Structures are given as C-alpha cells and as structure tokens.
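A.B. asks: Please put together the full structure from these sequences, using the hints given.
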Amino acid sequence: MAKINCKKTRHIVIGSDANYLHKAVVFYKSLSKFHNNFVLHIFCFDDIAYKVLRTLNYKNIITYHTSEFENKELLKVKAAKERMYEYYWTCNPAVAIKVIKEQKTDFISLADCDLMFFQSPEVIYDEFEGADAIIQPNNFSYQHVKDFIPVGYYCTSFQCFRNNDNGRKILEYWYRQCLKWCSAEFEEGRFGDQKYLDDWKIRFKKVSEVANIGTNVAPWNVQKFNLSQKNNQVVINNKWPLVYYHYHSFRMNFSDYAYIITGDRENSYKISRNVINLVYKPYIKETRKVIKNLKKIKEYQDYVKLNPRGVQKDFQGRILKKYSKII
1 MAKINCKKTR HIVIGSDANY LHKAVVFYKS LSKFHNNFVL HIFCFDDIAY
51 KVLRTLNYKN IITYHTSEFE NKELLKVKAA KERMYEYYWT CNPAVAIKVI
101 KEQKTDFISL ADCDLMFFQS PEVIYDEFEG ADAIIQPNNF SYQHVKDFIP
151 VGYYCTSFQC FRNNDNGRKI LEYWYRQCLK WCSAEFEEGR FGDQKYLDDW
201 KIRFKKVSEV ANIGTNVAPW NVQKFNLSQK NNQVVINNKW PLVYYHYHSF
251 RMNFSDYAYI ITGDRENSYK ISRNVINLVY KPYIKETRKV IKNLKKIKEY
301 QDYVKLNPRG VQKDFQGRIL KKYSKII
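Position 92, counted from 1, in the sequence shown is what the working numbering calls 92; the numbers after and before it change by one each time, with no gaps.
No wet-lab data here; the hints were simulated from the structure.
These numbers come from a predicted model, not from an experiment.
Take the hints with a grain of salt, since some may be wrong.
[As the list claims (entries may be wrong)] Derived DSS-like pairs (lysine-lysine); straight-line CA-CA distance at most 30 Å:
1. K180 to K205
2. K33 to K101
3. K98 to K239
4. K33 to K281
5. K292 to K270
6. K195 to K270
7. K224 to K81
8. K281 to K298
9. K298 to K7
10. K98 to K59
11. K295 to K8
12. K101 to K239
13. K230 to K205
14. K59 to K33
15. K98 to K180
16. K285 to K239
17. K230 to K201
18. K104 to K205
19. K305 to K51
20. K305 to K59
21. K206 to K59
22. K29 to K230
23. K29 to K201
24. K206 to K101
25. K281 to K239
26. K33 to K201
27. K180 to K195
28. K201 to K98
29. K206 to K169
30. K180 to K29
31. K7 to K29
32. K72 to K230
33. K29 to K285
34. K59 to K205
[To be verified] Label pairs and their computed distance ranges (CB to CB):
35. K305 to N237: 44 to 50 Å
36. K298 to H65: 14 to 20 Å
37. P241 to K7: 21 to 27 Å
38. N37 to K270: 28 to 34 Å
39. S272 to K101: 41 to 47 Å
40. N226 to E82: 27 to 33 Å
Glycine included, each C-beta is placed from N, C-alpha and C at the ideal position.
C.D. replies: Spelled out as structure tokens, the structure:
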C-alpha cells in the first residue's frame, strides 16, 4: 500500500525499556513505511533505551528520559512495585498527559509498542471525528472470551484523546485510577490499566470505539477471522485491510533469535499456519533484523551480554522455537 501523505502531524506516544526496545523500533519502522507525517514520542524507562535511541537518532522520534516525566507520585508507585511492567502501565496516562499538554496538536494517540503496521493508522483517525476519545475493543474470539474477559472489554493497544477539556479530563481521571491501583492481578473487577476503560462510554461524553476490524488483530481474536493476501495487502474476511497486528506474548531471544509465538499465563493461543505465514513471518524477519542492528551499539551489546534472552522465562516450560523452523 502507498504511503499516506497527511497534512496534519500525528503525535503517537509509546513507552519502552531496553528489553522492549526492539519492539519499539519495529513499531517505528513499520509506521514509517505507511505514513509521512508523524512524531513518535518514546518514553524510555531506563538509561539504556534512552542512550540507544539517541545514538540511532531516527527521524520523527522524540525521546524522553525518566528525569523528564517521573514525578513524585510516579516515583512513589515505582518504589513499591516488584513487577516493573505494572509501573510502566501506571505511566501510560501520565506520559499521554505530558505530550498533550506540551504539543500544539488537536489530539494524541497512545499505543503499545508491540505492534506492527500493515497500513497507515489514518483509518482510525477517520473514525475519530466528533469524539473526544476513541478506544479499541479486544474483539475476543469465542475460544478466548471466557478466559480473557477479566482483563476488560477494551485493549490499550491504540487509543486517541482530544486536546480539549473533556479529552484531558478523561486522561486525568485514568491517571488517578492507575496511581491508586494498577496490577497484573485480577482484583475487584480491575486489571492493569485497561479494565478501567470498560465504563468510559458511560462515565464520559464523546467516547467512541474503533469499528474497523483491521485494527488490533491479535492472538486472542485472530481465530475468528479469515486472513488472505490481496493486491499485496493482508485482508480480513476478504474485505478489511489489516491495519496493525498486536504481537502480544511474542518473544525472541537476543542471542540466538529463538522465539515463541504463543502463550500467556495459563493460556495458549492457537495460531494457524496461514496466520504465521501472513502476519508472523514479516514480524520475525523484521525483529531479527532490528536486533542485529541494535547489537552494533555498545550499550545494547552490553545489555545483551547480561540478558541474552531478555528479561523473560520460557512460558509454561515450552521450548522456544528456532527461527529456521519457520522461515
């Protein structure tokens, strides 16, 4: 698909530490293929991520050191967290608030970094007209509704907030909720930062949800779709071009590029060979290429020596598949 020539600059916010840095770079590179006018704001949760991104000096990226966004409230939460990814979730509304306050823009987007774009996200922005916030349904397949409904109806993979009183009000309310509680445990109808979104359409005015089913295709819903290739595009149900895929639970070792495609908690996603060919192969190739390039930078080399597999464990004892078995 041709690159979108957009007159308005789109401001997109993601966060990353050294362990997820390769995912953030894949996010950026895939977005660059399909969009010509964006600024990617990357909030770096450690010095390594910050230094490496500054060394890479990619066009259209603004990097933020922890000293630029961690306030007293966040630092208090950080000190109490044993699982740092819970702290990263807590930071999501905080970093969005920072960007929306500092940038002279109509709206901002907040996204997870483990996405890869297959076309421009402008189709999401087309749906944003008349709304002050737009949020992304999880679109669970019937196989996963029962297992995953505790995590929430919506996913924080890609949402937008209008830079007006209502949009900022929504972000501020979410920020206060996450400061109070943001955990990976299922507790009192809460989960992480995302189950808070369940009541937004009732609690706030002008909140809509993305209708395009080509967005947030993910391991927990891809089973319900028929994916095919048409005119050099991945198409869903012979109608909807795939906008982005959410590579949740995908892991690749930094040392030998062994990887695992599925698996989260006690659950195991069933990914068909067709989906692997159309969606995962491009991501595996790009991820391997990105990690190889990152390892040319000293700070990243040193990190990989200490963490050859990243900060992770084999999921449920499953053995990571070798890259060569798929590609």
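A.B. asks: Identify every previously stated hint that the structure contradicts and give their numbers, smallest first.
C.D. replies: When the structure is compared with the hints, numbers 3, 7, 9, 11, 12, 13, 17, 21, 23, 26, 30, 32, 34, 38 and 40 turn out to be violated.
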